[in-house]
Amino acid sequence: METVMSYFMLNPAFYIFAGLAVILAIFMITMPNPVYSAIFLVLTFFCISVIYITLEAEFIAAIQVLVYTGAIMVLFLFVIMLLNLGRDADLVEHSGPMKYISIIVAFAILIQIGLAAKVTVNIGEKGMFPIEKIREIGNTEAIAGLLFSDYLYPFEIASILLLLGMIGAIIISKKRSE
Amino acid sequence: MLQQEYLYVLIFILGGSAMVLVAMLASWALRPSKPSKAKLTPYECGELPAQADSYFQFNIRYYLFALLFVVFDVEVVFFIPLVKVFNSIPVVAFIEITFFTVVLAFGLVYAWKKGALEWE
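Just so you know, the protein sequences line up as chains A and B, in that order. No gaps in the numbering here: position 64 of the first sequence is 64 in the working numbering, and each next residue is one more. The number in the working numbering is simply the position in the second sequence, starting from 1, with 1000 added.
It cannot be assumed that every hint is accurate.
[Unchecked claim] Listed below are the simulated SDA-like cross-link pairs for lysine to any residue, each with C-alpha atoms no more than 20 Å apart in a straight line:
hint	chain 1	residue 1	chain 2	residue 2
1	B	K1113	B	F1065
2	A	K99	A	M31
3	B	K1113	A	I160
4	B	K1039	B	L1025
5	B	K1084	A	F129
6	A	K174	B	Q1057
7	A	K174	B	V1109
8	B	K1113	A	G165
9	A	K174	B	G1115
10	B	K1039	B	M1024
11	A	K174	A	L162
12	B	K1113	A	L162
13	B	K1084	A	T140
14	A	K133	B	K1084
15	B	K1084	A	E136
16	A	K126	A	L146
17	B	K1084	A	I53
18	B	K1114	A	I167
19	B	K1114	A	I160
20	A	K133	B	S1088
21	B	K1084	B	V1074
22	A	K133	A	S149
23	B	K1113	B	V1103
24	B	K1084	A	A61
25	A	K126	A	A57
26	A	K174	B	L1068
27	B	K1114	A	L164
28	A	K174	B	Y1062
29	B	K1113	B	F1072
30	B	K1084	B	T1098
31	B	K1039	B	W1028
32	B	K1084	A	I134
33	A	K174	B	K1113
34	B	K1084	B	F1094
35	B	K1113	B	F1069
36	A	K99	A	P32
37	A	K174	B	W1112
38	B	K1113	A	I167
39	A	K133	A	L147
Note that these hints are calculated values from the structure, not bench results.
Could you put the whole structure together from the sequences, leaning on the hints where they help?
Here it is, written out as structure tokens:
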């Protein structure tokens, strides 16, 4: 019990929001209405964003809110509306015994992860950007510095990828509406 | 240092909440109390709320707008780090960023030309 408390005191914000994220994720997968699930997913994303802040990764936290809770959720909601799933009553479980098997498998994986986390020392070798350096130059600046020097080429590829996504979306929706 | 910075965030959260609270309390104190049934209906852009079943398939057209929004949202993600280091990037990087913007602008032009932004 003492060790649990000491871990908690080490970083209370992390444990509060990590726990909240797990609870909200459980709500998300148990909601019968997919729109409610989407709302719980948004709340889960917010909790994960707070965890990023506790890791002093403010840029990722901001992007998490901007892209995941903003843009990706819009896509999820639009897919739900496009699929026209109907009323909650139509969405009853059809899994049967598979449900219990998957619960057992999920717990087995959980125990494995727990054991792995217990035996491995999770402090690796320091890389090019240790926390002291990040604190000195700033989070977003560190990412920008790399993005616009070493990773210029992948940055360009990203623009082509986005363009392809855009053209693909236009072609698909045009074909359907004609 | 870090805690200090988040203190500002907390001040902004409290200040923002206080503004809303004060506005709500002020209107609550000043307004006359005349409850009616119409005031309890959900607000839908001044119209009466939809009477028909709202469970129907939406037009795929809406999805196109959502996807275009996502693409430009991701573009913003690349531009946020840019503004932080804009004064210190080399010329090559500036040219590449221009190329990036032009490629995505081409996508917008394509959408426009294809009539994807029209709503017949």
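Hints versus structure:
Taking the CA atoms of K1113 of chain B and F1065 of chain B, the gap is near 15 Å; set against the 20 Å cutoff, the hint holds. Distance check on the hinted pair: K99 of chain A and M31 of chain A sit about 16 Å apart at the alpha-carbon level, within 20 Å; holds. Note on K1113 of chain B and I160 of chain A: the hinted pairing holds, with a Cα-Cα distance of about 19 Å set against a maximum of 20 Å. Pair hint K1039 of chain B plus L1025 of chain B holds up; C-alpha atoms about 18 Å apart against a cutoff of 20 Å.
For the proposed pair K1084 of chain B and F129 of chain A, the alpha carbon gap of about 18 Å is at most 20 Å, so the pair holds. The hinted pair formed by K174 of chain A and Q1057 of chain B meets the criterion: a straight-line CA distance of about 17 Å does not exceed 20 Å. Distance hint between K174 of chain A and V1109 of chain B is fulfilled; the C-alpha atoms sit about 16 Å from each other, no more than 20 Å. Distance check on the hinted pair: K1113 of chain B and G165 of chain A sit about 17 Å apart at the alpha-carbon level, within 20 Å; holds.
For the suggested pair K174 of chain A and G1115 of chain B, the alpha carbons sit about 9 Å apart, so the restraint of at most 20 Å is met. Of the pairs offered as hints, the one joining K1039 of chain B and M1024 of chain B holds, with about 17 Å between alpha carbons and a cut-off of 20 Å not exceeded. Between K174 of chain A and L162 of chain A the alpha-carbon distance is near 18 Å, which keeps this suggested pair within the 20 Å criterion. About 18 Å separates the Cα atoms of K1113 of chain B and L162 of chain A, which keeps this hinted pair within 20 Å; it holds.
Under the criterion of a C-alpha separation no larger than 20 Å, the hint pairing K1084 of chain B with T140 of chain A is consistent with the structure, at around 7 Å. Of the supplied pair hints, the one linking K133 of chain A and K1084 of chain B holds, its CA atoms being roughly 17 Å apart against a limit of 20 Å. Taking the CA atoms of K1084 of chain B and E136 of chain A, the gap is near 15 Å; set against the 20 Å cutoff, the hint holds. Among the hinted pairs, K126 of chain A with L146 of chain A is consistent with the structure: their alpha-carbon atoms are about 17 Å apart, no more than 20 Å.
Straight-line distance between C-alpha atoms of K1084 of chain B and I53 of chain A comes to about 19 Å, which keeps the hinted pair within the 20 Å bound. Proposed proximity of K1114 of chain B and I167 of chain A is supported: the alpha carbons are some 10 Å apart, at most 20 Å. Restraint check for K1114 of chain B and I160 of chain A: the C-alpha separation of about 19 Å stays at or below 20 Å, so the hint holds. At roughly 18 Å between alpha-carbon atoms, K133 of chain A and S1088 of chain B fall within 20 Å of each other, so this suggested pair holds.
For the hint linking K1084 of chain B to V1074 of chain B, the alpha-carbon distance of about 17 Å falls within 20 Å, and the restraint holds. Taking the CA atoms of K133 of chain A and S149 of chain A, the gap is about 18 Å. The hint holds against a cut of 20 Å. With a C-alpha separation of about 15 Å, the suggested pairing of K1113 of chain B with V1103 of chain B holds against the 20 Å cut-off. For the proposed pair K1084 of chain B and A61 of chain A, the alpha carbon gap of about 16 Å is at most 20 Å, so the pair holds.
The straight-line distance between the Cα atoms of K126 of chain A and A57 of chain A is roughly 17 Å, inside the 20 Å bound, and the hint therefore holds. For a cut-off of 20 Å, the pair hint linking K174 of chain A to L1068 of chain B stands: about 14 Å separates their Cα positions. Distance hint between K1114 of chain B and L164 of chain A is fulfilled; the C-alpha atoms sit about 15 Å from each other, no more than 20 Å. Distance restraint check for K174 of chain A and Y1062 of chain B: the Cα-Cα separation of roughly 12 Å lies within the 20 Å cut-off, and the hinted pair is therefore satisfied.
Distance check on the hinted pair: K1113 of chain B and F1072 of chain B sit about 18 Å apart at the alpha-carbon level, within 20 Å; holds. At most 20 Å may separate the alpha-carbon atoms for a hinted pair to count; K1084 of chain B and T1098 of chain B meet this at roughly 17 Å. The hinted pair formed by K1039 of chain B and W1028 of chain B meets the criterion: a straight-line CA distance of about 15 Å does not exceed 20 Å. In summary, the hint linking K1084 of chain B to I134 of chain A is supported, as the alpha carbons are separated by about 14 Å, within the 20 Å threshold.
Distance check on the hinted pair: K174 of chain A and K1113 of chain B sit about 12 Å apart at the alpha-carbon level, within 20 Å; holds. Distance hint between K1084 of chain B and F1094 of chain B is fulfilled; the C-alpha atoms sit about 13 Å from each other, no more than 20 Å. At most 20 Å may separate the alpha-carbon atoms for a hinted pair to count; K1113 of chain B and F1069 of chain B meet this at roughly 18 Å. Only pairs whose Cα atoms come within 20 Å are accepted, and K99 of chain A paired with P32 of chain A is accepted, the gap being roughly 16 Å.
Simply put, K174 of chain A and W1112 of chain B have alpha-carbon atoms about 12 Å apart, close enough for the 20 Å limit, and the pair holds. Among the hinted pairs, K1113 of chain B with I167 of chain A is consistent with the structure: their alpha-carbon atoms are about 12 Å apart, no more than 20 Å. Among the hinted pairs, K133 of chain A with L147 of chain A is consistent with the structure: their alpha-carbon atoms are about 17 Å apart, no more than 20 Å.
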